[in-house]
Amino acid sequence: MSETLKLKPGHIQGETGVWEMVIGLEIHAQVSSKSKLFSGASATFGAQANSNVSLVDAAMPGMLPVINEYCVEQAVKTGLALNAQINNVSIFDRKNYFYADLPQGYQISQFTKPIVGEGEINIDVDDENQTTIGIERLHLEQDAGKSLHDQHPSKSYIDLNRTGVALMEIVSKPDIRSPQEAGAYVKKIRSILRYVGSCDGNMEEGSLRADCNVSVRKAGEEFGTRCEIKNLNSIRFINQAIQAEAERQVEILEAGGEINQETRLFDTSTGETRSMRSKEDAHDYRYFPDPDLLPLEFTDSYVQDIKEKLPELPDFAKKRLVNEYGITPYDASILVEEKDYVDFFEQAATGGDGKLTANWMISELFGALKKENLLLANSPISPEALGELIGLIAKGIISGKIAKDVFSEMMISSKKPSDIVKEKGLEQVSDDKEILKLVENVIADNQDKVKDYLSGKDKLFGFFVGQVMKISQGKANPGLVNKMLKENLK
Amino acid sequence: MSNKKSIVDIPTVNKIARLSRLDIPEKNKQSLTNDLNNILGFVANLEEVDTSNVEPLASVTGHKLPLRSDIVTDGNIEDLVLKNAPESSSGFFVVPKVIE
Amino acid sequence: MSDLLKYDLLGASEAIKSKEISSVELTNAYIEAIEKTSSLGAYLEIVKDKALEMAVVSDENISKGVARPLEGLPIGVKDMFCTKDIKTTASSKILDNFYPTYESTVTQNLWNDGAVMLGKLSCDEFAMGSSNETAAKGNVINPWLKHKKMSPGGSSGGSAAAVAARSALAATGTDTGGSIRQPAAFCGITGLKPTYGRCSRWGIVAFSSSLDQAGPLTRTVSDAALMLNSMASYDKKDSTSANLAMPDLMSYLGNSIKGKKIGIPKEYTQDGISDDIVNFYQKSINWLKEAGAEIIPVSLPHTKYALPVYYIIAPAEASSNLARYDGVRFGQRKEASSLDDMYETTRGEGFGDEVKRRIMIGTYVLSSGYYDAYYLKAQKVRRLIKEDFENVFKKVDYILTPSTPTTSFELGKKQDPLTMYLNDIFTVPASLAGLPGISLPVGLDKLGLPIGIQLIANAFDEPGLISTAHVLEKSADFNFIADGAAK
Chain A
1 MSETLKLKPG HIQGETGVWE MVIGLEIHAQ VSSKSKLFSG ASATFGAQAN
51 SNVSLVDAAM PGMLPVINEY CVEQAVKTGL ALNAQINNVS IFDRKNYFYA
101 DLPQGYQISQ FTKPIVGEGE INIDVDDENQ TTIGIERLHL EQDAGKSLHD
151 QHPSKSYIDL NRTGVALMEI VSKPDIRSPQ EAGAYVKKIR SILRYVGSCD
201 GNMEEGSLRA DCNVSVRKAG EEFGTRCEIK NLNSIRFINQ AIQAEAERQV
251 EILEAGGEIN QETRLFDTST GETRSMRSKE DAHDYRYFPD PDLLPLEFTD
301 SYVQDIKEKL PELPDFAKKR LVNEYGITPY DASILVEEKD YVDFFEQAAT
351 GGDGKLTANW MISELFGALK KENLLLANSP ISPEALGELI GLIAKGIISG
401 KIAKDVFSEM MISSKKPSDI VKEKGLEQVS DDKEILKLVE NVIADNQDKV
451 KDYLSGKDKL FGFFVGQVMK ISQGKANPGL VNKMLKENLK
Chain B
1001 MSNKKSIVDI PTVNKIARLS RLDIPEKNKQ SLTNDLNNIL GFVANLEEVD
1051 TSNVEPLASV TGHKLPLRSD IVTDGNIEDL VLKNAPESSS GFFVVPKVIE
Chain C
2001 MSDLLKYDLL GASEAIKSKE ISSVELTNAY IEAIEKTSSL GAYLEIVKDK
2051 ALEMAVVSDE NISKGVARPL EGLPIGVKDM FCTKDIKTTA SSKILDNFYP
2101 TYESTVTQNL WNDGAVMLGK LSCDEFAMGS SNETAAKGNV INPWLKHKKM
2151 SPGGSSGGSA AAVAARSALA ATGTDTGGSI RQPAAFCGIT GLKPTYGRCS
2201 RWGIVAFSSS LDQAGPLTRT VSDAALMLNS MASYDKKDST SANLAMPDLM
2251 SYLGNSIKGK KIGIPKEYTQ DGISDDIVNF YQKSINWLKE AGAEIIPVSL
2301 PHTKYALPVY YIIAPAEASS NLARYDGVRF GQRKEASSLD DMYETTRGEG
2351 FGDEVKRRIM IGTYVLSSGY YDAYYLKAQK VRRLIKEDFE NVFKKVDYIL
2401 TPSTPTTSFE LGKKQDPLTM YLNDIFTVPA SLAGLPGISL PVGLDKLGLP
2451 IGIQLIANAF DEPGLISTAH VLEKSADFNF IADGAAK
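Chains as they are written, first to last, in our numbering: chain A, 1 to 490; chain B, 1001 to 1100; chain C, 2001 to 2487.
Hints are not guaranteed to be accurate.
Derived lysine-lysine pairs resembling BS3-like cross-links, with alpha carbons at most 27 Å apart [said to hold, decoys possible]:
id	chain 1	residue 1	chain 2	residue 2
1	B	K1064	A	K113
2	B	K1083	C	K2137
3	A	K95	B	K1097
4	B	K1097	A	K155
5	C	K2413	B	K1029
6	C	K2084	B	K1083
7	B	K1083	A	K146
8	A	K146	A	K8
9	C	K2093	A	K155
10	A	K422	A	K404
Worth flagging that the hints you see were computed from the coordinates, not collected in a lab.
If we strip away everything but chain A, and leave its shape as in the complex, we get (with noise of 0.2 Å):
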């Protein structure tokens, strides 16, 4: 139970010290191919039962796998991507082992040489600080088919569809510290997939998953023995999860116990993690090259060729943003969250205010989607639109208050910001001339004010400067509202 003290994240307060997590992750990202990994059938979700499935992927007699070409490309791609050493020549192994849903009593994947070695990415730590995760691998293999359990009570229903289906395992060194830069390594990982659009990263749907892997220890100890928690598909449970195992392995410690290397899953109704229900010992996996496959070898050119047509990564985009468009840090990661955000940006912030772009995407825009349940994708308003709002707010032609009111509206019309305010007769009053009329028509009205003003209630300026935009329906430029009142309260 962690105390009321001002703990670092990832520290947990037991009796006999401070503990700290020490966690590492193996996602596992659906490959954003058509087709499965060494089978024709179509990789999509959501198939009607086992419709997706060829002789190869049910596992018949005689059945044998060829390599997709395109899912070696995007482990190449996202290996890559996390800056990792790429192999020129890998090996398929099979990981044997029975169950219901792997049709051909063994997985292919890849054991001593996989397609990808070691890595690593930045991740931010909180808005200040960042932190370098290792990445120890990355390979390519087959997932399996899902179980129905809860459709009769002595029986199981089993769906082949998702058996074969391309799957990229990414698997970090043990060098994340905390539930917190557990959810940032996600987040990032899945950004970097996105980016280079080797995997969609929907978690909702399966195509992203992670394993974690934790363990405790008082500083400056070797590491603990771990537990893994296995199928977590969403940040908000990697997080749960986490600080429940290491609670749980801290409570044990404390006691005197000692940690048991085993598999658990996560109780997402009780928060807890369990140990999974199996019957006998460790796996012994077997592992051994598949003789039906040949080693996979590409040469340097191919990989070069890919990485000439990697797109610009996230921390490449977030020192550009910065430097070519003067925006903050912090709103540059942000943007930099997802590619077409930074697209939408740039459209956006074409020959305009950089900054005031970016304000208006964090605060106004990425708000109003999500209220009505939309993605950048599908936003009512174009980048155009966006700059053209910004434009005019730029140019002094409405107040930012009049904007947002302007913003509204093209969420809901879809209509340009420059005929909105036409439409409206919202352009901002900024004639010296007619500011000074409204001005001194304030000051005429509200004599009794001007007086407590001018005695020393200085407060009532904001009064004066109220007035002036009501008479004005808020189109007064309030620059000069208040230097024109600063001058004529005398």
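Use these hints to put chains B and C onto chain A, whose structure you have.
Same frame as chain A, but now just chains B and C:
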């Protein structure tokens, strides 16, 4: 691979049978154990070969792994896939329940 | 009818094309022959109606003048090949109700070339065996010295027996460690295992993936060439398939072998080979010398390790390949209350003893703590065995060896597994190296049992292999017919 490692006893046979999902009747266990020991003894002479600088043979063919284009060319054959199933229902394969 | 059975494959092909005989006639003759020789147990499944349907189509093609290479010729298929809608069991109980919805590439090639299917031939269960005594439905009897109930060899025992008994004009087999060549030797016929990758493995029940190869069992070398011409193809559904066109093997028949170098490996003469076989081996060497070849003593130093390597790698791959036989999607299922119990009883009852033995060995040598000492070690020694052959083929064009250490033996002799494995001593090395090998009959031993001699060629040199085997065949002039053959 000394003799010690080659000796397979009944508990080991039980473990291997479990890994292979094979039900071996009690009465056959001893003779199966003997057979396995004989075979393992037979293959033990590989120990004497010096393979310190030898790479394992991944495949005899000498050609590279051929790649396939990412096109959907298969599937939508539920009938064929389920045709030989001992038990199926509503398009699913059916097996005795698994408790996770 | 006996006249019709006299044609070998090439002869029948010519007779059909010249309309001397019809496919329907010929097919009927073979159907009758199958019935006459049924006590040999070679066939598991006879597809009489289908055979005649196919024969009728062939005769139509002949009359239209559009004859394909194997038009109208009746063939038997080893029950390891999946044949569409026709029961395919791998001679195992666990598949005794399996009807594939697809056709193997090799057999499809044969049907595309006009061959007629007679039925499915027995074999050792899952191709594991050297005597055809592990078939679920019972032993196959060698038509030689039929009354003595001899073994036809294995695992393609049914295929070899049928060709020798003239209940199939030719047959398909599979060879993993000798399963075409050894039964061919025991049954006095020709058996050819091509280079690994020549024939597609798609649709063949997998035993040991890095070793399995389909090939023909025939009466003559010319027949084997004709069959392999059709069977071999590049198949992109098989990643191990060789993308190398094979020339028309028929054009290599009758080539001279003058000046060709024949290697005689010293490791292939040893204790335990029967005298008669040693005798005919020497005769074969002389025949080739007389035909103009140069005889060169060579050495394949790692030969004695070939069987141990094989009996680690093949069971290891098999233990994994046979995991799919679990009662879930096809085949026999024994009902049980839990999934694991279902697996254990289904497989326990569905697999025979030899299959179970090999699965257990395979699982053991791959298991944690033993992988390096056994499997990895075997793969390294395998490389050395392959390199032995590569070195020898720098000096010679072909290698000549006995096919087997003994001729056929009586069924039911209850040989222990190890002794049985020694039957493959001469055939296994070429399998491990992926090289093509052919066994052809050269004479009879004192008891009247056939003796086979093996030729091995370099990778993808099936043409050279055919030429040389053809010369040897002519010299040996083996004209005997099994007493148990249909007449």
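Hint-by-hint comparison with the structure:
1. B/K1064 - A/K113: Holds: B/K1064 and A/K113 sit about 16 Å apart, inside 27 Å.
2. B/K1083 - C/K2137: OK: B/K1083 and C/K2137 at ~24 Å, within 27 Å.
3. A/K95 - B/K1097: holds, 23 Å
4. B/K1097 - A/K155: holds, 4 Å
5. C/K2413 - B/K1029: Holds, at roughly 22 Å.
6. C/K2084 - B/K1083: holds, 12 Å
7. B/K1083 - A/K146: holds, 19 Å
8. A/K146 - A/K8: violated, 40 Å
9. C/K2093 - A/K155: holds, 25 Å
10. A/K422 - A/K404: holds, 15 Å
In summary, the one numbered hint that this structure violates is 8.
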